[in-house]
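So the protein sequences, as listed, match chains A and B. Everything in the first sequence is counted per this note's numbering, starting at 9 for the first residue and increasing by one. Everything in the second sequence is counted per this note's numbering, starting at -4 for the first residue and increasing by one.
Please note: incorrect hints may appear among the correct ones.
Dumping the calculated DSSO-like pairs for lysine-lysine here, alpha-carbon to alpha-carbon at most 30 angstroms [stated by the list, open to error]:
id, chain 1, residue 1, chain 2, residue 2
1, A, K261, B, K212
2, A, K362, A, K123
3, A, K154, B, K212
4, B, K160, A, K240
Simulated from the structure, these hints should not be mistaken for laboratory data.
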Amino acid sequence: MTKKRMWALVATLAVTLAFPAAGVSKAHGGTLNLIAWEGYTYKQWVNPFEKQSGCTVHSKFAGSSDEMVTLMRSGGGSQYDMVSASGDASLRLIYGHDVQAVDPSKIPDFKNFGKAFQSPPNNTVDGKHYGISLQWGPNTLLYNTKVVKPAPTSWSAIYSPKYKGKVTVPDNPIQIADAALYLMKHSPSLKITDPYELNSTQFKAATDLLRKQKPLIKKYWALASDEIDLFKNGDAVIGASWPYQTNTLKADKAPVKDIVPSEGATGWLDTWMVSAHTKNLDCAYKWLAYISTPKVQAEQAIYFGETPVNSKACPIMDKLSKGSCAQYHANAPLEYFKQIHFWKTPIADCGNGKKNCMDYTKWQQAWTQLKG
Amino acid sequence: MAAGLDPAQGLEEGRRGARRRLGGALWRRRWLKGFSLLAPPVLAFLVVYVAALVALFISSFWTVDPFTSETIHHWTLDNFRELWHGATYHRVALRTVEIAALVTLTDALIAFPFAYFMARVASRRTRAVLFVLVLLPLWASYLARVYAWRLILNSDGILNWSLHKAGLPSANVAYTNTAMWIVFSYIWLPFMILPVYASLERIPHSYIEASRDLGAKGFRTLRTVILPLALPGVVAGSIFTFSLTLGDYITPVLIGGTSSQFIGNVVYDAVNQSSNLPFGAAFAVVPVLVMGVYLVLARRLGAFDAL
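This is chain A alone, in the form it adopts within the complex:
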């Protein structure tokens, strides 16, 4: 979720404002109370939805995944109908029985989704779909093309002392998964199969790697704008990033490039989920169907700087902004997604019958300890 961190801080300083209910109001169609990332319910596509469905949309913007979880549980869980949950929140909502399973056959565009997004493990449990995938983005390796030579091809660039003091990575416990992904390829003896399912040995190896990396780091960035500043001012020349920063820096004519290195990358995938206690299931399905259509998918992708899950959105993206389809990898082949490991909440259940994996609380504690 690109803007999550950026807004997390802002949310502590300012009260999150509810999006004013857009113009049209038809009593007979019902209402939808949505919890969304800021920008996910923009009037450009919400207004037409209200007109065509007769459902009125009210949005509440959340500043973090945890705020989303808290909001979904407020008022006994019946206050909000839907949530645009990221992969690090969705499993918590599913196992907390806050959201209900949905039937993808009622979503006409579901068949046009990239194969990786129809039943991803962060919203599909035991074959049941707890929501419909929306948009995604990779966590890329960003570097300054003038300083970093030869061009990097591997994540090892941020673990080697070559660019000591000029490296930056996100200030987020989920970053442990990036270290695990690196070890998955470089230390096969650890037998890591999923960077989010780590037993204590694997977890220790990942956090040890991060501890060794720490002296190389200039700053753990908390806001996307921090990383942009670091690259602009020459304080960092290489680091882990989102496409959003790359695009912003390129727009400023900064000499940067981002890649998905040979080991692959982690990524985020957002899902519209439906509350287990909603009284507006009809409107909820209408919204799921509408938000999955190619035109709306393309509009949101361009507005927000992320990639639609509907592969038919590609030509519309190019029409809205030339070359944007390829820029955001919206037309990437299935092979591309095999190397992207989408965020999911680390839980004790390892997925192989064993329950000895480190859960998210442990990740968070380890991250606090890493930063010291």
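Starting from the structure of chain A, add chain B where the hints point.
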């Protein structure tokens, strides 16, 4: 409201009688006047201020279900036990207190000569200008000032540019604890200057003349007359600089480096990343205790004598 109840005030003709009776009742029963004056602020203080602290303290004895993030209302000392045994939390608390103390010392050293000049040397006009200069930064947003420092300190920033021009090697100050110390000292300086100025201004000139008449040279007068009399002001200012630094969490995020976490940052992460409000509350008790000890010491040094 208090002024309107005072019988000495000019009153409207029609309401005169009733007001006079009320005023008389308040005059006869002094406690009633005191009570009606104090009740609203005391009530607000109890509800808004103390209640929040009590809620914080109580929730620090609860825990959170690690997976569903729901609060378990079961009394336990687990949070405090974890804080007591966790080396990381000791380091974070110690770092917070150390930097707060360092910032306070720096501000006191800068503020004293500045306030002395303002109070006892500068002309009336210069003093007004200096006052404006001291207060001017407070008109700009805290965030804007912190970001401005980032522009000064970063590797292509004004500091390194100036050093290069002077033929000196560049300083790697950006995103370190040194940077935090500089920025905190800058941001809280006005809160030290003003109380020190107030205490210096109050020293009667006759004391200094008497000291001179008795043969004390400049430094001795400063050490034995001015400093002891200004100390309560310095201590009062230090309460501001110390507590403001102690509770901050934004500057460490924006200016700090890889090992710059403050107590506030750990609390923020506990609440925002793992929804562990009880643990955050438990850690937040630490600065409250530190401030309690500090205030007791400040009282011993006479910081509140002038109140």
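Could you tell me which of the numbered hints above are not met by this structure, giving the numbers in increasing order?
-> Failing hints, ascending: 1 and 3.
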